[in-house]
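*Asks:* Sequence:
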Amino acid sequence: AEDSTAETDANFVMTGSGGLVEVQGSAEGAPFSEADLTTMLALARAGVAQLVALQKATIA
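Its first residue numbered 1275, the sequence shown is counted upward by one per residue in this note's numbering.
Hints are not guaranteed to be accurate.
Quick list of simulated restraints, FRET-style, between CB atoms [unchecked claim]:
#	residue 1	residue 2	range
1	Pro1305	Leu1325	17 to 23 Å
2	Thr1313	Ala1334	30 to 36 Å
3	Ile1333	Ser1300	31 to 37 Å
4	Ile1333	Thr1312	16 to 22 Å
5	Ala1301	Lys1330	24 to 30 Å
6	Ala1309	Lys1330	28 to 34 Å
7	Ser1300	Lys1330	30 to 36 Å
8	Gln1329	Thr1279	27 to 33 Å
9	Gly1299	Ala1323	28 to 34 Å
10	Gly1293	Thr1313	29 to 35 Å
11	Glu1281	Gln1329	26 to 32 Å
It is worth saying that the hints were derived from the structure and are not from the lab.
Just so you know, these numbers come straight off a predicted model, no measurement behind them.
Even for Gly, the Cβ is constructed at its ideal location relative to N, Cα and C.
Use the sequences and the hints to build the structure in full.
*Replies:* Here it is as structure tokens:
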């Protein structure tokens, strides 16, 4: 799979308003830091915001 070479595998499920529904993360080699988790969460929030904006624009 495409994440088989990743150092960390993380999944974030969020609501359209940014609420967290589910967070899963696994270190594939060395452990990841809290700072790494914070960075991944920020990237997930940005991605979800983009998806929500696209969805709203599509159905408008």
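*Asks:* Decide, hint by hint, whether the structure agrees.
*Replies:* Here's how the hints hold up against the structure:
| no. | hint | verdict |
| --- | --- | --- |
| 1 | Pro1305 with Leu1325: 17 to 23 Å | violated (29 Å) |
| 2 | Thr1313 with Ala1334: 30 to 36 Å | holds (32 Å) |
| 3 | Ile1333 with Ser1300: 31 to 37 Å | holds (35 Å) |
| 4 | Ile1333 with Thr1312: 16 to 22 Å | violated (32 Å) |
| 5 | Ala1301 with Lys1330: 24 to 30 Å | violated (35 Å) |
| 6 | Ala1309 with Lys1330: 28 to 34 Å | holds (32 Å) |
| 7 | Ser1300 with Lys1330: 30 to 36 Å | holds (32 Å) |
| 8 | Gln1329 with Thr1279: 27 to 33 Å | holds (31 Å) |
| 9 | Gly1299 with Ala1323: 28 to 34 Å | violated (20 Å) |
| 10 | Gly1293 with Thr1313: 29 to 35 Å | violated (20 Å) |
| 11 | Glu1281 with Gln1329: 26 to 32 Å | holds (31 Å) |
Hints 1, 4, 5, 9 and 10, counting from the list given before, are not met by this structure.
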